[in-house]
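*Asks:* Spelled out from the first residue to the last, the chains are:
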Amino acid sequence: MMLTPAEIAELTALMRANGVESLDISEGEASIRLVAAPGVVAPPSSFALSPGVGHLITERAPGEPFAAPGAGIQAGDILGLIAAGLVRRPVIAPSAGVLGRALLEPGALAGFGTPLFELSPYHNDPAQAGPEDA
Amino acid sequence: MIEVIESAPLNAVQDLGRLGFRCFGIGRSGAMDRLALAAANALLGNAPDAAGIEAQLFPLVLRFTTDTLVAVTGADCGARLDGRLLPPFWAMPAKAGQELELSPPTDGLRGYVAVAGGIDVPVVLGSRSSALRDGFGGFQGRMLQSGDLLPIGPAPARTTRDAAGFGAASPWQALSRPACGDAEPGDITLRVVPAGEYEQFDEPSRAALWAQPWVVTTQSNRQGYRLQGDHALLRVRPLEMRSHGIVPGVVQVPPSGQPIIQLSDGNSAGGYPKIGVVIDADLWRVGQAAPGRRLRFVPCTPALAREAERELAGYLGTLRRQAGYLRRAAA
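Residue numbers (our numbering), protein chains in the order written: chain A, 1 to 134; chain B, 135 to 465.
Read the hints as simulated data drawn from the structure, not as lab findings. Glycine included, every Cβ here is placed at the ideal spot set by N, Cα and C.
A partial selection of chain A residues facing chain B, derived with a Cβ cut-off under 8 angstroms:
#, residue
1, Pro51
2, Arg60
3, Ala61
4, Leu81
5, Pro90
The following block holds chain A by itself, in its conformation from the complex (with noise of 0.2 angstroms):
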């Protein structure tokens, strides 16, 4: 077989890491496929991504943050901002989901691309459910 075991489970963790539920390789006549055993693949989290090099801001206004860790979270909502000498651009959710922790400190430097925030797809829990599944 072309994969040795220790990297059919550096494969099976990617997979679970990222949600892949089956993966197909095929080299010339030989294929595997590694399919996940039904609950064992971790939902696909995404990140808000820093828009720009700049420092982030995570409060709308003094003890007024954009969005708590926990809140719902609708796909385009303003999650912080980067402020780079007096403009500020928007961190934007790029997907719906349940807000993580910030990854970053508020007032830190964040590069092109830094991510910002964790957003967790909603689950079937009512109680997770975001407003347009209520």
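Knowing the structure of chain A, use the given hints to seat chain B on it.
*Replies:* Below, chain B alone, put in the same frame as chain A:
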């Protein structure tokens, strides 16, 4: 066009003011927080003298009849575009049919709405500002009311690099606060140049002008703010004065000893003695001081006032340049 869906009284079209007609008894008018309006125009790439809407009472609900770029600055009025909350000091594309709603601010007093191209009402005596007392300028010389259709001036079709728009540091964040030794964090500090009759006030009054907080009373509006302090300001010998020309920022002292700051819609002339003048570069701070807010006066010289003007111009110039990077031609 911008359609006024709903407007509380006293909201009107304003620009930076009407200069050069004081000799005819016509005051400056214009935005109470001229810096906020200028910042909105800088975000949009508008001419500095483009007119916008000053919102003093709420709600203010506007509907855009055409695609445009809109900026909302000044006091944080929790502006919502089609229900979506905007960050403060924010510019973004608005689509035809979308509605912008401003609500009462929790901090500050006046919000400003500007659009790319400006509000294109006729220029009267060199300005688009509303002169509400005299009933000219602005939109038909009056405050806005529901059903009004405000024309938008020509502007290149532009959008923002980020679909959600972009924002700016507010002047409160970006400009240095005038230093006042024992001012409390919530006090608004203002630089004041002693005026013509300063020396006529007795020593305790002159000391009190600088030393004590002055509370903005509810008798405060676009014409002027009446202030209240513990120690009334008294002159050594009361003298009658002829009425003389006055400008926004003049601090007059009527016989009560409780001062008045003349503001955008203030009289062009008055006879009360003047103890000082709030420098022009700090008048925007006054425009955002709600009744109950404490003001502190800090002694200033004409040279320091010019320095403050340069700082203000630097803020607007930098904002205009940096905002230019965040707009682009519309597809």
